[in-house]
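Protein chains in written order, with my numbering: chain W, 551 to 829; chain S, 551 to 829.
Keep in mind the hints are simulated off the structure, nothing from the lab.
Quick caveat, the model's predicted, so the values are computed rather than measured.
Any given hint could be a false lead.
Pairs count within a copy or across copies, as identical chains cannot be separated in the list.
[To be verified] Below, in silico cross-link-like pairs of lysine-lysine (DSS-like), each with a Cα-Cα straight-line distance of 30 Å or less:
(1) Lys821 <-> Lys735
(2) Lys763 <-> Lys558
(3) Lys821 <-> Lys763
(4) Lys558 <-> Lys821
(5) Lys759 <-> Lys612
(6) Lys558 <-> Lys665
(7) Lys763 <-> Lys665
(8) Lys821 <-> Lys665
(9) Lys759 <-> Lys558
(10) Lys612 <-> Lys821
(11) Lys612 <-> Lys558
(12) Lys665 <-> Lys735
(13) Lys612 <-> Lys735
There are 2 protein chains.
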Amino acid sequence: MEQVSAVKCFGGSQQQWTHQSTAVGCQMRFSIFLPPQAQSGPVPVLYWLSGLTCTDENFVTKAGAQRFAAETGVAIVAPDTSPRGEGVPDDPEGAYDFGLGAGFYVNATQEPWSKHYRMYDYIVDELPGIVAENFDVDAPRAGIFGHSMGGHGALTIGLRNPDRFRSISAFSPICSPLNCPWGEKALGGYLGNDRDAWANHDACALVGKAAVKTPLLVDQGDADGFLQEQLKPELLETACAANQHPLTLRMQPGYDHSYYFIASFVGDHVKHHAQALGA
Amino acid sequence: MEQVSAVKCFGGSQQQWTHQSTAVGCQMRFSIFLPPQAQSGPVPVLYWLSGLTCTDENFVTKAGAQRFAAETGVAIVAPDTSPRGEGVPDDPEGAYDFGLGAGFYVNATQEPWSKHYRMYDYIVDELPGIVAENFDVDAPRAGIFGHSMGGHGALTIGLRNPDRFRSISAFSPICSPLNCPWGEKALGGYLGNDRDAWANHDACALVGKAAVKTPLLVDQGDADGFLQEQLKPELLETACAANQHPLTLRMQPGYDHSYYFIASFVGDHVKHHAQALGA
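Construct all of the structure, not just a fragment, from the sequences and the given hints.
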């Protein structure tokens, strides 16, 4: 573990760290915001999963979530969106929606991806372990949220691991990778043609199998250019209704897919998690 | 005037525009946030001046001020920090503290700078005229604030033009360009060796000549790496005390020069202006 930076922010500390990851087999960087309350005892921790092309920095610089994390007393961890560095293969054509910056939060089974592209294990197991070991967080009180590809990651990882993540929310999530071009490409590439394996990474499919009915908060802009073809919140709405899974889906009129949208509503999300985690 | 973008944000609209500037003789880009209140009548308007190396975008993406602008009902205009484009000369060595991104909010008198580097006229006259003409703002109710070089710009332009800017605040301003290396280089370059001319762009010198004692709100982090050599708020404190000019200087313990610092306190600044402007 090596600290890259630490900057005071809203009375707390915004930090960047690097570490050698076993799960993904390369050096990984993550950001963590520690609220002022962390100085006097362990605080709950939220994991933010970013979208396509992002690193650990986009959310940290643009969302303005630290204000609410400081108000409610929660830490926020923002990992990278894929393995990176020497030896980590990228999409042969450098596409934005596969390879670097586009890990889709799965464990790849196909070559040449299976060695490094294991973001599922990294997020579910390795990173929470590192955070619990190195920071004053109350590790069992953890929530997960994210945006777009990261919204997909938050929903799927949260639904499959209620023991690890007690609260879940998402902005503009890819609700069903089984049913959109981004999902077809990414899950096809990382997991091959076995669509049953894809279903383990499809929020709509997982809602029916969830051991715990963790309430889902989802915000979606209705002026989002990816809404119809890629995101499809109506599929999540149908799946939740069919399985009596609690979902609060808020269609936000006029908002797009950007961080301006996230910043506008991130306070509600942090409060949603803080309340669920007893912060 | 050409609109580059418009994105919904906190119920208002974050926009980017370009226009041909007479003052600086090139195409200029600026950002403007229109709060939801602007849909039902003219709102006060704040001008944000950014620091070295910035464009119109840094404040807009990183400071999170839109939240407070929407709460209080003020527009915020963020111009670029220098002329740019074909034919606009830059520092021969491409230094970050002179030329492009470093206009210092003066009208240059020296060659080759005097043709384009006229940011003082651009901010004082041309931009407010364009804003008044094209947006539903209550132009006489205007305030000015900024960061670092832009804090210097806000203090000096605000003190010299109380008819145009009724409220003033700054983050980490260069308080006395007459007395720091950044100022020596920039004012020497743009204005030549006549230090009397420099005094027209030195907040500490201007405090003694201000026609109106507009109260100044200044936030300064005490862990700011530029504090001792470049910023020198103690000089402003002394000048304000000597001239009975109202100054609220808040030394913020542990904060640096970054946008994390600005984001932490920008709400106080927007409220300071909104109150002064009757928003």
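Hints, verified against the model:
| no. | hint | verdict |
| --- | --- | --- |
| 1 | Lys821 <-> Lys735 | neither (35 Å within a copy, 48 Å between copies) |
| 2 | Lys763 <-> Lys558 | neither (37 Å within a copy, 33 Å between copies) |
| 3 | Lys821 <-> Lys763 | within (19 Å within a copy, 42 Å between copies) |
| 4 | Lys558 <-> Lys821 | both (22 Å within a copy, 22 Å between copies) |
| 5 | Lys759 <-> Lys612 | neither (35 Å within a copy, 40 Å between copies) |
| 6 | Lys558 <-> Lys665 | neither (37 Å within a copy, 41 Å between copies) |
| 7 | Lys763 <-> Lys665 | neither (33 Å within a copy, 66 Å between copies) |
| 8 | Lys821 <-> Lys665 | neither (37 Å within a copy, 52 Å between copies) |
| 9 | Lys759 <-> Lys558 | neither (42 Å within a copy, 37 Å between copies) |
| 10 | Lys612 <-> Lys821 | both (18 Å within a copy, 21 Å between copies) |
| 11 | Lys612 <-> Lys558 | both (16 Å within a copy, 15 Å between copies) |
| 12 | Lys665 <-> Lys735 | within (19 Å within a copy, 53 Å between copies) |
| 13 | Lys612 <-> Lys735 | within (28 Å within a copy, 33 Å between copies) |
In this structure, the hints that do not hold are numbers 1, 2, 5, 6, 7, 8, 9, in rising order.
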